[in-house]
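Taking the hints into account, I'd like the entire structure generated from these sequences.
2 protein chains.
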Amino acid sequence: MLQYSPRQDGYGTVLRLHKKGLILTERTQTYRHALVLCDGEKPSVEQLHALRMEDTLVIAADGGGNIGKDWEIRPDLIIGDLDSDDGSWPDVKRLYDPDQDTNDLEKALDYAHVQGVSRITIIGGTGERLDHTLKNLSVMVRYKEAFEGLVLLDNYMKARLISSPFTMSTWTGMKVSLVAASGKVTGIVSEGLLYPWSGQDLIVGHYDGTSNQATGEQVTLRFEEGDLLLIVPLDGQSCRVAQDGQLGHDGPPGHAEQPSAGSIS
Amino acid sequence: MLQYSPRQDGYGTVLRLHKKGLILTERTQTYRHALVLCDGEKPSVEQLHALRMEDTLVIAADGGGNIGKDWEIRPDLIIGDLDSDDGSWPDVKRLYDPDQDTNDLEKALDYAHVQGVSRITIIGGTGERLDHTLKNLSVMVRYKEAFEGLVLLDNYMKARLISSPFTMSTWTGMKVSLVAASGKVTGIVSEGLLYPWSGQDLIVGHYDGTSNQATGEQVTLRFEEGDLLLIVPLDGQSCRVAQDGQLGHDGPPGHAEQPSAGSIS
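These protein sequence lines map, in sequence, to chains Z and X. Each residue of the first sequence is one higher than the one before, starting from 41 at the first, in my numbering. Each residue of the second sequence is one higher than the one before, starting from 41 at the first, in my numbering.
Be aware that a few hints might be false.
Since copy identity is lost for identical chains, a pair holds within one copy or between any two.
To be verified - Listed next, the in silico DSS-like pairs over lysine-lysine satisfying Cα-Cα at most 30 Å (straight line):
{"no.": "1", "residue 1": "LYS184", "residue 2": "LYS133"}
{"no.": "2", "residue 1": "LYS133", "residue 2": "LYS109"}
{"no.": "3", "residue 1": "LYS109", "residue 2": "LYS224"}
{"no.": "4", "residue 1": "LYS109", "residue 2": "LYS215"}
To be clear, the hints were calculated from the coordinates, so they are not data collected in a lab. Note that the structure is a prediction, hence the values are computed from the model and not measured.
Below, the structure written as C-alpha cells:
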C-alpha cells in the first residue's frame, strides 16, 4: 500500500520504522549481502548449503524463520507480525512489526536497507500460493532502486530485475527468459540471444520473451523503460553467492568447475 | 509472439491452424468445458478426481499428457511439439505443432477454441519454473476474450481474469487476492471485502491487492480498465467443476456440503 521512496541515506525507511515504534539495533557490522528467508517453497538443502554465508546478514521474514527444522542456517533476526513463527529459534532476536500495509518480505527489506545492505538474495519467495509469489514480485519492483542487486532464487530458477544496459556471462544454449514484471518493457535490444530483440516491446498478453537462449559467452540487454525481469532457469546447476555478494551459476551441467558463467548479478 | 484476435466463429484461429498445416478433426461432439493439462506442478490426485469429467474435453499440452503415470485421466488429444511426450498414452491421438511462436498452452487453447469450447480449466500451469508460470499468465491475458471462463487451478489456489462487474459467492473470512496481471488495473470498487476498494488503481510495484478477505456471502468487484486476476487460495477445500463447466469451491473448511460458495466462474 506504500510507494517506496528510496533515499541515499535510508532516511525514509528509518522514518517509517520509527513511526511503527520499532527499536532499531545499532549496526555492529556492515553487511553487503543479506539472505532473506521467506515462507514459500523451500530450496533444497544442497542449494542452500551452496550459498556462501560469509559476510551475509540472514533475515527471516516471519515464518521463513522456521527453516531450522530442515536446514542448519540460523537467522540473525526474525521480523514480521510473527503469526507464522513456530519458535524454532528460541534465542534469535524477534522484531515484531504488525503493520498490515507491508508484507513480511517488505519488512525484511526495510530492515536490510536500514542496515546498509546493498545486495539481497530472497529464498522461499516463490512456490505454493501464486498470489504470494506475485505479491513478492511486486515488492521486488517497489524496492529495485533501494538495492544494488535483488535476486529471487528457488530450486528451478533465479530472477532479477535488471537495469539497462545489462551484461551477463553465459554459455551456448543457456536458457534465458525475459518477463515484463509490471506489464510492459519498451525498446528491448539484445546481443547474444538465439531469438534476438531489435527494439520491440515486451508486453504481457501480447509479446512474450520466455524460452530464449544464449548463443555464446555473453548476453547484453538494453531497453528504454519498464521493469525487466531476467529469469535464468537452473536446470540442475548449483548456485552460489560469491564473496562479493554476487549470485552466480557454477556453470553448465557437467561443467561445475567453470568459475562464474551465468552470473546475473 | 502473436496477438490474439478472437473472432466469433473462431475463423482467425482456424486460419492459423490451417496455415500451420494442421489437420483439424471434425467436431463429433460439442463440449462446453475443456480441461487443459500442462507440464508444471501436478495437482493432487484427490483434487483431480474431484473435477467432474462429464462433458469435458481433455487436452494435454505436450508433456501434460504424461499424467498417465500418476493419474487415471486419459486425454482426448495431445498437442504440441511433442518433445516432452513420454508416450504414456500410446493410443491417444497426437497433433504435432512445432510452431516456436506459441507455447503448448496456446496450442491447446487454439484447439479448444476451434472445437467451440467456452470454459477452460488449466491444471499443471503453475509451479516449478517461474518463467513458465508467468508465461502462462500472459497467455491467459491473451486469450481472455476467446473464452467465457478461463480458470487456472493448482493445489493452493484458483485464479481467473475477471470482467467488470463481477460477483461471486463467498463466506466470511474467505481469502481473496487481486493482482494486476498486465501491470495496472484502474478504478477498482469493491463490495464485501474487509479492505475495501473505492476507486484506487492496482499497480504492480506500487499498490497491491493480495491478502484481502470476504466479509459475508458475496463479493462484487467493478473496475475501469486492465486485466484483473482474481486469486482464491484454497486452504484445503476441495474443488470441483460443476455440470455447467463452472469451477467452484465445496465451501469453507469443515463445511464441505455447502453447495457452491466461492465459485469464481
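Hint-by-hint comparison with the structure:
Proximity of LYS184 to LYS133 under the C-alpha cut-off of 30 Å is restricted to the intra-copy arrangement: shortest distance 27 Å within a copy versus 48 Å between copies. Taking the shortest Cα distances, LYS133 and LYS109 sit within 30 Å of each other inside one copy (18 Å), while across copies they are farther apart (47 Å). Taking the shortest Cα distances, LYS109 and LYS224 never come within 30 Å of each other, neither inside one copy (41 Å) nor across copies (39 Å). Only between protomers do LYS109 and LYS215 lie at most 30 Å apart by alpha-carbon distance; the minimum there is 28 Å, versus 33 Å within a single protomer.
Hint compliance for this structure: hint 3 is the single one not met.
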